[in-house]
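Whole structure, please, built from the sequences with the hints as guidance.
If you read the sequences in order, they're chains W, V and Z.
Numbered according to my numbering, the first sequence terminates at residue 290, and the numbering increases by one at each position without gaps.
Numbered according to my numbering, the second sequence terminates at residue 569, and the numbering increases by one at each position without gaps.
Numbered according to my numbering, the third sequence terminates at residue 901, and the numbering increases by one at each position without gaps.
Simulated from the structure, these hints should not be mistaken for lab results.
Here the structure is a predicted model, which is why all the values come from computation and not from measurement.
Where hints are given, some of them may not hold.
[Unchecked claim] Result set (SDA-like, lysine to any residue): computed pairs, CA atoms no more than 25 Å apart in a straight line:
#, chain 1, residue 1, chain 2, residue 2
1, Z, K719, W, R45
2, W, K44, W, G252
3, V, K383, V, V545
4, W, K18, Z, R881
5, W, K104, Z, R881
6, W, K71, W, L236
7, W, K71, W, L91
8, W, K14, Z, T692
9, W, K18, Z, R799
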Amino acid sequence: MSTSILPVVSARRKRTDKAGRTMLGAATIVALIPLVLVLWYVIKRGISAISWHFISTDPTGNFLGDPGGIKSAFLGTIEMVLVATLISVPLGVGVALYLTEYGKNSAFARAVRYFVDVMTGVPSIVFGLFIYIVLILSGFGGSGYAGWKGSVALALLMLPIITRASEVVLLLVPDSLREAALALGAPRWRVVFRVVLPTALSGLITGILLAVARAAGETAPLLFTAAVVNGTSFNLNDKMNSLPVQIFTDVGQAQDRLVARAWGAALTLVLLVLVLTLIARLVARRSRVA
Amino acid sequence: MTTQPTTEQSTATTEQAGRFAHSTVTEATGRHVAVQDLNAYYGDQQAVKSFNIEYEPNKVTAMIGPSGSGKSTMVRCINRMHEEIPGARVTGKITIDGEDLYASSVDVTAVRHAAGMVFQKPNPFPTMSIYDNVAAGPRLTGMKGGSLKERVEKSLRAAALWDEVKDRLAQPGIGLSGGQQQRLCIARTLAVEPEVILMDEPCSALDPIATLRIEELIDELKQRYTIVIVTHNMQQAARVADSTAFMLDGELIEVGPTERMFTKPNDERTEQYVSGKFG
Amino acid sequence: MESATVSARGDRPILGRSPLSRLPDQILKWGLTAIAALILFLIGFFFVRLYIEAHPAFARFGVFGFTFDNNWDVAKNVYGALPLVVGTLVTSAVALLIGVPVAIAAALYVTELCPRGLKGPLTILLDLLAAVPSVVYGLWGVLVLVPRLKPIEQWFTDTFSFVPFIGGAHVAGPNYFIGGLILAIMILPIVSAITREVMATVPPDHKEAALALGATRWEMIRMAILPYSRAGITGAAMLGLGRAIGETIAVTLVVGNAPNIGKHLFDQGYTLAAVIANEFGEAASNPVHRAALIAAGLVLFVLTLVVNAIARFFVIRGQRGRRDIGNVAVTG
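Right under this line is the structure:
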């Protein structure tokens, strides 16, 4: 029987509180363990595969003997992602501009927003299938696999990501800025290109870089558009190799050296993606808009 | 809270019985709250400076002062809510009937049981019914069944809300009007049977009629509790409070019987404030 | 800069601009509108083309036959996708069961419990889980996780052999469980990020009300945060589900790619997305096979559309419903 004013807090409640809080902390650690493990293994097993030979040689396609390196894969990824970016950025930012500057809350704009959202949920392999049907089966632009067709598939993937991120950033540009420019007599298009876009620029770049990082890591859309090939090519009309596809094909092989190359390629890919993500974050921090 | 201890409750857990075990169960069960040399900080910024005050049992004390004077902060130190803010710090001592709330052996949740708080904006739990809102506090300490129902009814009666809601206890708490929601929050606070009731501008979100009903309620409640009320409305302080304390820039400028504070205050700054010259 | 100033210049109208100077504006406006309309057109086009190409399979096996027949036999050119559908559902269910609680718990920790200095780094780390390409998860999964977990899985299934579906299996290397596990890891960042956003919208009022009643931190979480966030968390989980259903590469590397309905959690299986990735190469020359794979893609597409629509409904409800609660009637 307590003589204190303050009630006694039951031991059971204290225990539950402590247990609950510990569990939450433990879950956070559990959530991060895979990240640590994956990075650890990729670094450990990948770093021994990386060498000048590795970077500068194409995969030879030989199962015995020298498997070659990842040159065509690396260059292919860069080429295709670059082209995909060139396609998706104007379109993606364009849709976002439409939504923030013109469409706003009209029924049409709301429909567009909804469908952009829908696009973010589409599995990347479905994009690949779609491009396969439209660009390869139909024989459009030559009936073979081609690097540029892979780029189009990647661009489809990047488009909704860029649009969504851009819309958020563009909405953050204060209306007062737009109004001030318009009040000075500037035509709409000038306001967009000289005021709105420059203000939102770092935010836009962040969104674009994150989309690029995502596209660089995608395998499925490329499997039946740019296909699997060994040689380096700078001609986008040819089949083109890429890092993710290279890794995917190597993993299934029984030869140790091919598997080792897969780890090396994985390390390269992860580094590429991490660098892009890091730059994106740094750019975001220097953003002028919120 | 008059004739209470039943055999059912005297065999309950220490938490539930504790209060009844030592209460002499007469009308004046209010507690004496003493604040000694209290300093409160938000990071480096000091919001309350060397505060000393005593809150008499069964009296209502109003804390008045301009915005930013530290009234809310001060009161939130009494139920140790201030320290929930990241970077917030408190030094000093606050006692209820002599017991230091800031002693190192004290569990902060026990302090909050003892010092109940009613907030500025009515905040019933949105996902809970009226019944569940009031029952939330006692359920924490394991109360269930028949004694829980009694406690809920008792609290709702004490908050002058029972007649209006007794037929719709299962309905969501947020379906009530503003004034009713605030009385629901008062019932919720009363349900844990605190020693002291703290009110942080409880009527500022309500219309005049609702305000009046709550002020009447405060008048009833002071018979059983010690009440501290923060208010920026001086007419309210005049209507409701036995004593009034005037704060400025985190310091206690003056405290005294309400009538004197408003008609013949000792300090010039008090006089300026109550006559509307600033704030 | 062209201006509508009122300065007197002989050759220009005082107010307003010449029609020619309005042209860039019009081009911009209609150009952007056209691009926006493209999006609407694109989705419709998707659907139509997919259906057209998938049609031969539906014509041959019937829509329901294709989707629900348990017979995916490439050799015999017979395609019933039930094993794939089941595999997709099983791996996704495992992903949800494992991933969602961990994601919610991590979100709670980061928003409510962790020391201020840790909040930023932890958030970045949790988000970094999403940056790892799925092929790398697959690589790690098949080369590290599968061999390492096999003894543990075998022990588990032996110890709980009385439990149906889980017990008494012979653990194949890659299996449903590992597929689900990898998916759980991959959906964790998105479920956690959205849950964090949802929890950040819990009004501090309610948290304070709970604490002021004398609740412990854990009790406050259960009283004020979780009930409030229910709709939003459901939405987050469904978004995770959508992601899990559509994930291809990581899963195909660790699920075993066996076109049958496994009787145990630790049997090999197959998913809709995995079958497309795996068999497309050889299917290119076989129109029936190809149509079947595209049909599988169509089923996958429709599934993700439905799941994401439901998810969006919940997430919006989690946000909108709360805005109404803030409006307190001020009479009485």
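Results of checking the hints against the structure:
no. : hint            : result
1   : Z/K719 - W/R45  : holds (21 Å)
2   : W/K44 - W/G252  : holds (20 Å)
3   : V/K383 - V/V545 : holds (19 Å)
4   : W/K18 - Z/R881  : violated (35 Å)
5   : W/K104 - Z/R881 : holds (20 Å)
6   : W/K71 - W/L236  : holds (16 Å)
7   : W/K71 - W/L91   : violated (31 Å)
8   : W/K14 - Z/T692  : violated (28 Å)
9   : W/K18 - Z/R799  : holds (23 Å)
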